[in-house]
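Quick note, the sequences are listed as chains D and S, same order.
Residue numbering for the first sequence follows my numbering, starting at 1 and increasing by one per position.
Residue numbering for the second sequence follows my numbering, starting at 1 and increasing by one per position.
Watch out, some of these pointers could steer you wrong.
Restricting the straight-line Cα-Cα distance to at most 20 Å, the calculated cross-link-like pairs of lysine to any residue (SDA-like) are [to be verified]:
{"hint": "1", "chain 1": "S", "residue 1": "K159", "chain 2": "D", "residue 2": "V38"}
{"hint": "2", "chain 1": "S", "residue 1": "K111", "chain 2": "S", "residue 2": "D82"}
{"hint": "3", "chain 1": "D", "residue 1": "K24", "chain 2": "D", "residue 2": "K159"}
{"hint": "4", "chain 1": "D", "residue 1": "K159", "chain 2": "S", "residue 2": "P97"}
{"hint": "5", "chain 1": "D", "residue 1": "K24", "chain 2": "S", "residue 2": "A36"}
{"hint": "6", "chain 1": "D", "residue 1": "K24", "chain 2": "S", "residue 2": "V27"}
{"hint": "7", "chain 1": "S", "residue 1": "K2", "chain 2": "D", "residue 2": "K24"}
{"hint": "8", "chain 1": "D", "residue 1": "K24", "chain 2": "S", "residue 2": "D82"}
Restraint ranges, calculated between C-beta atoms of paired labels, are given here [claimed, not checked]:
{"hint": "9", "chain 1": "S", "residue 1": "G137", "chain 2": "D", "residue 2": "G154", "range": "56 to 62 Å"}
{"hint": "10", "chain 1": "S", "residue 1": "F114", "chain 2": "D", "residue 2": "F98", "range": "26 to 32 Å"}
{"hint": "11", "chain 1": "D", "residue 1": "D206", "chain 2": "S", "residue 2": "E116", "range": "36 to 42 Å"}
Derived from the structure by calculation, the hints contain no laboratory data.
Backbone N, C-alpha and C define an ideal beta-carbon position, used for all residues, glycine too.
Number of protein chains: 2
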Amino acid sequence: MKVYDISMLINADMQVYKNKPEKKPAVTTACDFSNATVHESNLFMNVHTGTHLDANLHMFPDGSTIESIPLERLVGPARVFDLSHVEDGITKADLLPFNIQNDEWIILKTKNSFSEEFDFDFVYVKQDAAEYLAEIGIRGVAIDGLGIERAQPGYPTHKSLMNKDIYIVEGVRLKDIEAGSYFMVIAPLKLEGIDAAPARALLIGDWK
Amino acid sequence: MKVYDISMLINADMQVYKNKPEKKPAVTTACDFSNATVHESNLFMNVHTGTHLDANLHMFPDGSTIESIPLERLVGPARVFDLSHVEDGITKADLLPFNIQNDEWIILKTKNSFSEEFDFDFVYVKQDAAEYLAEIGIRGVAIDGLGIERAQPGYPTHKSLMNKDIYIVEGVRLKDIEAGSYFMVIAPLKLEGIDAAPARALLIGDWK
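All chains, full assembly: derive it from the sequences and hints.
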């Protein structure tokens with residue numbers, strides 16, 4: 001059994017969406033040995049920073065919130081596809097060769113995984129690919145960009161997927177992950193009532 | 001395969017250590033549909049709130065920090081022990097019957113799991129039990145209290161364990177978990193340089 005960490009490191013210098021300063025996490029010291037007998041820290045972060053799981057509220061005013069996604073739907077087999085040759089965006093034609101099945105978890109490895117700087121032209125999932133995945137009825141999709149789409153007015157990729165309650169994980173790191181089958185665990189913080197949760201994400205190889 | 005969520009729900013009303021208000025998490029809205037095209041939230045929390053993994057810096061000024069704990073050490077077999085009969089604190093005598101082995105992960109189910117109010121007399125691991133676990137050289141211990149000790153000047157339980165680099169997870173929820181063997185995943189946020197990280201924790205049953 002081999003465990004692969006596919007999570008983004010969280011710190012003040014990490015890449016964030018469009019380099020917006022308000023998306024940078026901050027850690028402060030709550031107490032230390034100068035004023036207490038223990039050392040404790042506080043964390044402040046936007047829940048869409050780093051590796052995270054979206055909830056439908058992110059896109060829809062009456063959308064479901066993060067606690068509506070049961071943990072057991074985030075744990076199980078997943079396939080990693082190598083799409084690192086794709087420029088711009090992933091299309092339906094890029095996905096067709098993989099014979100994607102209903103209720104599958106898929107993980108999209110793109111050139112996004114090979115840089116820790118935010119790329120304004122990050123590779124994303126184009127509308128036609130999202131509609132194809134929605135039609136199949138996959139369970140969820142993870143991608144190594146901080147967004148699953150960009151430059152599509154009205155967010156049709158997010159909305160096509162969310163309308164079918166297909167889960168979206170953004171910001172995984174896949175540089176060292178080979179294409180293939182794994183046992184996946186997406187472990188978001190157990191928050192409630194909101195639009196996303198930061199997560200630790202891992203793959204287990206040689207698990208069968 | 002059955003997935004059991006053993007994490008504490010994170011919200012403004014959750015139990016926190018000694019009911020200290022500064023330990024309560026806060027969620028704020030970063031933007032919503034009144035001023036943006038998406039809904040996003042911010043999270044502020046003490047990293048020792050809810051289910052979390054301690055790092056040695058919590059107790060030692062020169063202690064190692066959270067990123068020093070490799071994810072693969074937090075994933076694997078674990079045993080849950082039913083100690084719900086124990087009052088006050090868990091002693092070496094309480095643990096002897098379980099024949100605990102070197103490099104094991106153990107999970108201590110106590111009466112702490114049966115209340116969502118903070119109990120100032122929560123069940124903890126007494127110094128003699130911690131020294132016994134340190135002598136065995138277990139890999140890690142999880143408990144359903146928000147602390148693994150209380151009322152022990154100088155924190156000998158934390159320090160006995162940390163001196164052997166035995167990992168400590170506090171604040172798991174075990175009410176519905178039967179004693180026995182599981183596949184465990186402790187998934188802390190991928191923070192660095194600090195004294196702990198909030199985590200999602202889960203057990204998988206029927207995994208062999």
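Okay, the hints, checked on the actual structure:
{"no.": "1", "hint": "S:K159 x D:V38", "verdict": "11 Å, holds"}
{"no.": "2", "hint": "S:K111 x S:D82", "verdict": "9 Å, holds"}
{"no.": "3", "hint": "D:K24 x D:K159", "verdict": "26 Å, violated"}
{"no.": "4", "hint": "D:K159 x S:P97", "verdict": "55 Å, violated"}
{"no.": "5", "hint": "D:K24 x S:A36", "verdict": "19 Å, holds"}
{"no.": "6", "hint": "D:K24 x S:V27", "verdict": "16 Å, holds"}
{"no.": "7", "hint": "S:K2 x D:K24", "verdict": "36 Å, violated"}
{"no.": "8", "hint": "D:K24 x S:D82", "verdict": "42 Å, violated"}
{"no.": "9", "hint": "S:G137 x D:G154: 56 to 62 Å", "verdict": "57 Å, holds"}
{"no.": "10", "hint": "S:F114 x D:F98: 26 to 32 Å", "verdict": "47 Å, violated"}
{"no.": "11", "hint": "D:D206 x S:E116: 36 to 42 Å", "verdict": "39 Å, holds"}
The structure fails to meet hints 3, 4, 7, 8, 10 from the earlier list, while all remaining hints are met.
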